[in-house]
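Undergrad: The residues making up each chain are set out below.
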Amino acid sequence: MTSGTSFDRDKLAKIHDHLHSHLPPEPALRVKALESLLVERGLVATETLDAWVEAYSEDIGPKRGAQVVARAWLDADFKARLMEDAAQAITEFGFEGKATGDLKAVENTDDQHNVVVCTLCSCYPFSLLGLSPAWYKASAYRARVVREPRKVLEEFGVSLGDDVAVRVWDSTAELRYLVVPQRPAGTEGWSQEQLAALVTRNSMIGTDRDLEVK
Amino acid sequence: MDTIHDLGGKQGFGPVDVNEPEAPWHYDWEGRMWAMAQSSRNTSVTIDWWRHVVEQLPPHAYMTIPYFEKWCMTDLALGVDCGTFTMEDALNIVGKNALRAEGASRPEVLNKEQILEKNRTSVKTFEEEVDFAPAFAVGDPVKTLSHSVPTHTRLPAYARGRSGKILAQRGAHPLPDKSAQGQEVPEHLYTVVFTAQELWGKDADPRDTVTLDLWESYLEQL
Numbered sequence: 660m661t662s663g664t665s666f667d668r669d670k671l672a673k674i675h676d677h678l679h680s681h682l683p684p685e686p687a688l689r690v691k692a693l694e695s696l697l698v699e700r701g702l703v704a705t706e707t708l709d710a711w712v713e714a715y716s717e718d719i720g721p722k723r724g725a726q727v728v729a730r731a732w733l734d735a736d737f738k739a740r741l742m743e744d745a746a747q748a749i750t751e752f753g754f755e756g757k758a759t760g761d762l763k764a765v766e767n768t769d770d771q772h773n774v775v776v777c778t779l780c781s782c783y784p785f786s787l788l789g790l791s792p793a794w795y796k797a798s799a800y801r802a803r804v805v806r807e808p809r810k811v812l813e814e815f816g817v818s819l820g821d822d823v824a825v826r827v828w829d830s831t832a833e834l835r836y837l838v839v840p841q842r843p844a845g846t847e848g849w850s851q852e853q854l855a856a857l858v859t860r861n862s863m864i865g866t867d868r869d870l871e872v873k
Numbered sequence: 084m085d086t087i088h089d090l091g092g093k094q095g096f097g098p099v100d101v102n103e104p105e106a107p108w109h110y111d112w113e114g115r116m117w118a119m120a121q122s123s124r125n126t127s128v129t130i131d132w133w134r135h136v137v138e139q140l141p142p143h144a145y146m147t148i149p150y151f152e153k154w155c156m157t158d159l160a161l162g163v164d165c166g167t168f169t170m171e172d173a174l175n176i177v178g179k180n181a182l183r184a185e186g187a188s189r190p191e192v193l194n195k196e197q198i199l200e201k202n203r204t205s206v207k208t209f210e211e212e213v214d215f216a217p218a219f220a221v222g223d224p225v226k227t228l229s230h231s232v233p234t235h236t237r238l239p240a241y242a243r244g245r246s247g248k249i250l251a252q253r254g255a256h257p258l259p260d261k262s263a264q265g266q267e268v269p270e271h272l273y274t275v276v277f278t279a280q281e282l283w284g285k286d287a288d289p290r291d292t293v294t295l296d297l298w299e300s301y302l303e304q305l
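Heads up: the protein sequence lines correspond to chains H and F, in order. Here our numbering runs 659 ahead of the position in the first sequence, where the first position is 1. Here our numbering runs 83 ahead of the position in the second sequence, where the first position is 1.
Heads up, a few of these hints could be off.
[Unchecked claim] Here are the simulated PhoX-like cross-link-like pairs (lysine-lysine), alpha carbons at most 20 angstroms apart as the crow flies:
| id | chain 1 | residue 1 | chain 2 | residue 2 |
| --- | --- | --- | --- | --- |
| 1 | H | Lys673 | H | Lys796 |
| 2 | H | Lys763 | F | Lys207 |
| 3 | F | Lys93 | F | Lys285 |
| 4 | H | Lys670 | F | Lys248 |
| 5 | H | Lys796 | H | Lys810 |
| 6 | F | Lys179 | F | Lys226 |
| 7 | H | Lys796 | F | Lys285 |
| 8 | H | Lys810 | F | Lys93 |
| 9 | F | Lys179 | H | Lys763 |
| 10 | H | Lys810 | F | Lys195 |
| 11 | F | Lys195 | H | Lys722 |
[Unchecked claim] Restraint ranges, calculated between C-beta atoms of paired labels, are given here:
| id | chain 1 | residue 1 | chain 2 | residue 2 | range |
| --- | --- | --- | --- | --- | --- |
| 12 | F | Pro233 | H | Glu852 | 35 to 43 angstroms |
| 13 | H | Asp769 | F | Pro289 | 15 to 23 angstroms |
| 14 | H | Asp669 | F | Gly97 | 41 to 49 angstroms |
| 15 | H | Asp769 | F | Lys207 | 31 to 39 angstroms |
What the hints contain is simulated information worked out from the structure, not anything from laboratory work. Glycine included, each C-beta is placed from N, C-alpha and C at the ideal position.
So here's chain H without its partners, still in its complex pose (with noise of 0.2 angstroms):
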């Protein structure tokens, strides 16, 4: 009989130590698992699993994220929405939803850098920026970039001049940011569609930062 969670620390330690020394170790079987407990217990019905999947393959994505910053790049007062409030701007595109409640737009400039992790779990504002990258999630980046930030610029190909600071922001509640890249160089009179289409996902949480002009 399903009741609620015991909040018990000791008892869900003992419980998923039960689980991992005696399901089989492949991460494929093991989400099969619940899944058909999940459809045997009418929790969820595959079809609705098979629309999640398909949302976020084929309509939420990065795409969305270069939406909002190229029309921060031709329009200042939607920019200035955004930079008050970009939990509520991106619902002029209607692209709220998971994650995005308490969203914060920080921008890049001439002499400062943002970059985005969460250290403590993996936060991302998935309704803007669709899944995150796996490098996100990894261990070396959570580790490395509040660290050295500089160091794990360079792995992604970002040089920065000597007179740019680095502002590293760790989502440790439940803000999520979303980082404005500068607009390039050479791109005066370009559409809105145009200008998107230069905005990488990367940019957006900072791995990137001087986008090409294709």
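Let chain H serve as the given structure and place chain F on it in line with the hints.
TA: Just chain F now, with coordinates in the frame of chain H:
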């Protein structure tokens, strides 16, 4: 608690694998797990308790199993805890395709358009109205607590006992230490900025800073 998940500043890791394809998932099972996490969790499980249960994975498992497998193990463990299924059920169903059991409720079947709408309307702020004022103002110097606490917490070890400055007030948000125990206790939240040298010593770049979002009870007046 000083559990294995608190990775900020830990040394010994190699380079970041920067050349991965941009697909949302690299294996089908990752997408299935993501989808289940969006649709089926027991409503008594708060986000902070869920995170704390992830942190209770055996440390060797936390460091070695893939990211979405941690989600899977956490939802299996919470399913057993809540009595949604038993440990035996979880172990016995491996390799089987289950059908909806007789008498089980009929779950909602949604198509992609309905999911997009459900995703959009699921937005929520964690900020709460409170009738008490924040203790700190923008620009105030503050110091973080020096010691670990026996509960879930969101003050990482690398930022304990360090001096910083209030960069922004963020309103009141539920304190994770309490929320992970099922209690909702709103407290003022701040973005606090620390110099890299304060966190990592004199060899750190004097130009660089790190910000963390920290609750009032993590901070003392400097």
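Undergrad: For every hint, state whether the structure bears it out.
TA: Structure-based check of each hint:
no.	hint	in the structure
1	H:Lys673 to H:Lys796	25 angstroms, violated
2	H:Lys763 to F:Lys207	14 angstroms, holds
3	F:Lys93 to F:Lys285	18 angstroms, holds
4	H:Lys670 to F:Lys248	39 angstroms, violated
5	H:Lys796 to H:Lys810	18 angstroms, holds
6	F:Lys179 to F:Lys226	54 angstroms, violated
7	H:Lys796 to F:Lys285	29 angstroms, violated
8	H:Lys810 to F:Lys93	15 angstroms, holds
9	F:Lys179 to H:Lys763	44 angstroms, violated
10	H:Lys810 to F:Lys195	41 angstroms, violated
11	F:Lys195 to H:Lys722	18 angstroms, holds
12	F:Pro233 to H:Glu852: 35 to 43 angstroms	53 angstroms, violated
13	H:Asp769 to F:Pro289: 15 to 23 angstroms	18 angstroms, holds
14	H:Asp669 to F:Gly97: 41 to 49 angstroms	34 angstroms, violated
15	H:Asp769 to F:Lys207: 31 to 39 angstroms	36 angstroms, holds
Checked against the numbered hints listed earlier, the structure breaks hints 1, 4, 6, 7, 9, 10, 12 and 14; every other hint is satisfied.
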